[in-house]
Amino acid sequence: MLVIKAHVDKVIELDNQIFLLKIHCSEIASKIRPGQFLNVKVSDTIYPLLRRPFSVCDVKGDYFYLMFNILGEGTKMLAHKHAGDLIDIIGPLGHGFNLEGDYDTAIIVAGGLGVAPFPYFIKALDGGKNINCFIGGKTYKEVIMHGMKNISVATDDGSLGFKGNIVELLNSKIDMLKLKRIKIFACGPNAMLRNLKEFCIRNEFECEASIESAMACGFGICQGCPIQSSERSDKYLLICKEGPVFNVKDVII
Amino acid sequence: MSKVDLSVNIGTLKLRNPIILASGTVGYGNEISEFVDLNTIGGIITKSLSLKARKGNSPQRIVETPAGMLNAIGLANVGVERFLKEKIPFLRKFDIPLICNIAAGTIEEYVECVNILNAEETIKGFEINVSCPNVKKGGLQFGNDIKAVGEITGKVRAATRKPLIIKLSPNVSYISEFAKVVKKEGGDAVSAINTLVGTSINIFTRRPKLSNITGGLSGPAIKPIALAKVLEIYQNVDIPILGIGGIMGWKDIIEFMITGSSAVQIGTLNFINPSASKEILKELENYCINERIGKLSDITGSLKT
Chain A
19 MLVIKAHVDK
29 VIELDNQIFL
39 LKIHCSEIAS
49 KIRPGQFLNV
59 KVSDTIYPLL
69 RRPFSVCDVK
79 GDYFYLMFNI
89 LGEGTKMLAH
99 KHAGDLIDII
109 GPLGHGFNLE
119 GDYDTAIIVA
129 GGLGVAPFPY
139 FIKALDGGKN
149 INCFIGGKTY
159 KEVIMHGMKN
169 ISVATDDGSL
179 GFKGNIVELL
189 NSKIDMLKLK
199 RIKIFACGPN
209 AMLRNLKEFC
219 IRNEFECEAS
229 IESAMACGFG
239 ICQGCPIQSS
249 ERSDKYLLIC
259 KEGPVFNVKD
269 VII
Chain B
3 MSKVDLSVNI
13 GTLKLRNPII
23 LASGTVGYGN
33 EISEFVDLNT
43 IGGIITKSLS
53 LKARKGNSPQ
63 RIVETPAGML
73 NAIGLANVGV
83 ERFLKEKIPF
93 LRKFDIPLIC
103 NIAAGTIEEY
113 VECVNILNAE
123 ETIKGFEINV
133 SCPNVKKGGL
143 QFGNDIKAVG
153 EITGKVRAAT
163 RKPLIIKLSP
173 NVSYISEFAK
183 VVKKEGGDAV
193 SAINTLVGTS
203 INIFTRRPKL
213 SNITGGLSGP
223 AIKPIALAKV
233 LEIYQNVDIP
243 ILGIGGIMGW
253 KDIIEFMITG
263 SSAVQIGTLN
273 FINPSASKEI
283 LKELENYCIN
293 ERIGKLSDIT
303 GSLKT
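Order-wise, the sequence lines are chains A and B.
So for the first sequence, my numbering puts the first residue at 19; every next one is plus one.
So for the second sequence, my numbering puts the first residue at 3; every next one is plus one.
If you're looking for bench data, these hints aren't it; they were derived computationally from the structure.
Bear in mind that the values here come from a model prediction, so they are computed numbers and not experimental data.
Just so you know, even glycine gets a beta-carbon here, dropped at the ideal spot from N, CA and C.
The reader is advised that the hints may include incorrect statements.
To be verified - DEER-style ranges, computed between Cβ atoms:
id: 1; chain 1: A; residue 1: Q35; chain 2: B; residue 2: D39; range: 57 to 63 angstroms
id: 2; chain 1: B; residue 1: P68; chain 2: A; residue 2: E222; range: 56 to 62 angstroms
id: 3; chain 1: A; residue 1: G119; chain 2: B; residue 2: N120; range: 47 to 53 angstroms
id: 4; chain 1: A; residue 1: H100; chain 2: B; residue 2: N146; range: 32 to 38 angstroms
id: 5; chain 1: A; residue 1: N168; chain 2: B; residue 2: I203; range: 42 to 48 angstroms
id: 6; chain 1: B; residue 1: R84; chain 2: A; residue 2: K49; range: 52 to 58 angstroms
What the hints assert, rightly or not - The calculated lysine-lysine pairs, modelled on DSS-like cross-linking and capped at a C-alpha distance of 27 angstroms, are:
id: 7; chain 1: A; residue 1: K156; chain 2: B; residue 2: K284
id: 8; chain 1: A; residue 1: K59; chain 2: B; residue 2: K185
id: 9; chain 1: A; residue 1: K181; chain 2: A; residue 2: K191
id: 10; chain 1: B; residue 1: K306; chain 2: A; residue 2: K59
id: 11; chain 1: B; residue 1: K186; chain 2: B; residue 2: K211
id: 12; chain 1: B; residue 1: K253; chain 2: A; residue 2: K59
id: 13; chain 1: A; residue 1: K267; chain 2: A; residue 2: K253
Could you build all of it, start to finish, from the sequences and the hints given here?
Given below as structure tokens:
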């Protein structure tokens, strides 16, 4: 775990107000694993006060990428960064995806900005396994395909791809999914993940999900990001430390 | 050897410098030790410990606010027995005064916690949390009740000879009245201030953002209030004060000391810059050199009015 100041290389605007921040930092680029995250201070003043957690989106050589949309003042500041600006980062944090396992095909399920950790994941996995991506959004505007492959799309309003939610789309392909030895990797809103967990348990699919939470520190001291353990009713797990990637069986989303 | 004497005393407790890491912002020391050499810090205060382990509040527990944050953790902790068994062995490795923060739902429970922890030599003092705003039982219900604060102080005092610090609530009209009672009942020092009660609302769902509805406000937003409370205590009661509330750097520490603090606690800053104290210590020393101050503790209460 490092506390490090790194230079912004550039900010790339994808479609639909989605941004990629490219940062030069060999120390983090060489260490971070898919699904791990970084806690980023977007300014060097007290506004905004707290760091912002971002999954690593991609790694290329000494550079890594973060994907974000403009949600508030902090991400607005990030979108206006210039080449050479310094940003303060803590990371790599948390546990990423477990790429190992007895499966042939990785099924990626991502809702909205939930695609963020997968370009790097796909790169890390490529060659060894087949990959199918299922991407969901409320409308075509929220569907992000950057760095994804073998894509199937679902939108709530039917403006792109399958009309309905992402789990309904998976359900419509259940026969195909059952023919393969699959493992599901997911990231997206909690409502989607809850739905997906139920689908995976019903069909006995292995599933790991990256879960988002408000947090202050990102490394376990603020205790601000609890998630209920399924095993022990008296225990919360910390999303920053024991996650952000969990086997969906282990947590109550 | 440093040219400047940064050491401070709080009663019989001697600290190598005035920086204490605040309760609830450093867990039990293990995570923060990855960022900062604990042997360079003045002291460390554990997360609030209760007699039995507490699960804490359901999410959402944290909300960012302008220059601050609200937390409603709900005193999640391992309980005193597991603390002794699992956390003390790690903390024993450091040459740093360890202060245990205690939270309880009844006066007897405070005493029982202290009785269990008192024999452990690594523990150099106790900070009694009479002012957690995030639990239904205990917490603020004590912090707002001057009689209860007096009774807790007196009964815990009878149970230990180790330095006893009472962490005061700012959610009262006259905080110095509480400090007076602490002194009268044998407390060695007060921490001022705990967090202020606050809330934040999602305007689309019209629900509070925190599951606990309200939380404790911390961070630079509360610093002016904390300074005023420290000053009120300093001007009215002769008791050492551990100043706490929104410290983000060395200048804030100097400000708290001039206002009357013998030592200070760093809280929210640990979440943002867990290695900050290293830089801060260097700057404190530079300030003393530039201002020709030989002993930092001389500035405590040096406010000119």
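Each hint, compared with the structure:
{"no.": "1", "hint": "A:Q35 with B:D39: 57 to 63 angstroms", "verdict": "44 angstroms, violated"}
{"no.": "2", "hint": "B:P68 with A:E222: 56 to 62 angstroms", "verdict": "48 angstroms, violated"}
{"no.": "3", "hint": "A:G119 with B:N120: 47 to 53 angstroms", "verdict": "50 angstroms, holds"}
{"no.": "4", "hint": "A:H100 with B:N146: 32 to 38 angstroms", "verdict": "50 angstroms, violated"}
{"no.": "5", "hint": "A:N168 with B:I203: 42 to 48 angstroms", "verdict": "43 angstroms, holds"}
{"no.": "6", "hint": "B:R84 with A:K49: 52 to 58 angstroms", "verdict": "32 angstroms, violated"}
{"no.": "7", "hint": "A:K156 with B:K284", "verdict": "52 angstroms, violated"}
{"no.": "8", "hint": "A:K59 with B:K185", "verdict": "42 angstroms, violated"}
{"no.": "9", "hint": "A:K181 with A:K191", "verdict": "14 angstroms, holds"}
{"no.": "10", "hint": "B:K306 with A:K59", "verdict": "37 angstroms, violated"}
{"no.": "11", "hint": "B:K186 with B:K211", "verdict": "41 angstroms, violated"}
{"no.": "12", "hint": "B:K253 with A:K59", "verdict": "21 angstroms, holds"}
{"no.": "13", "hint": "A:K267 with A:K253", "verdict": "15 angstroms, holds"}
Checked against the numbered hints listed earlier, the structure breaks hints 1, 2, 4, 6, 7, 8, 10, 11; every other hint is satisfied.
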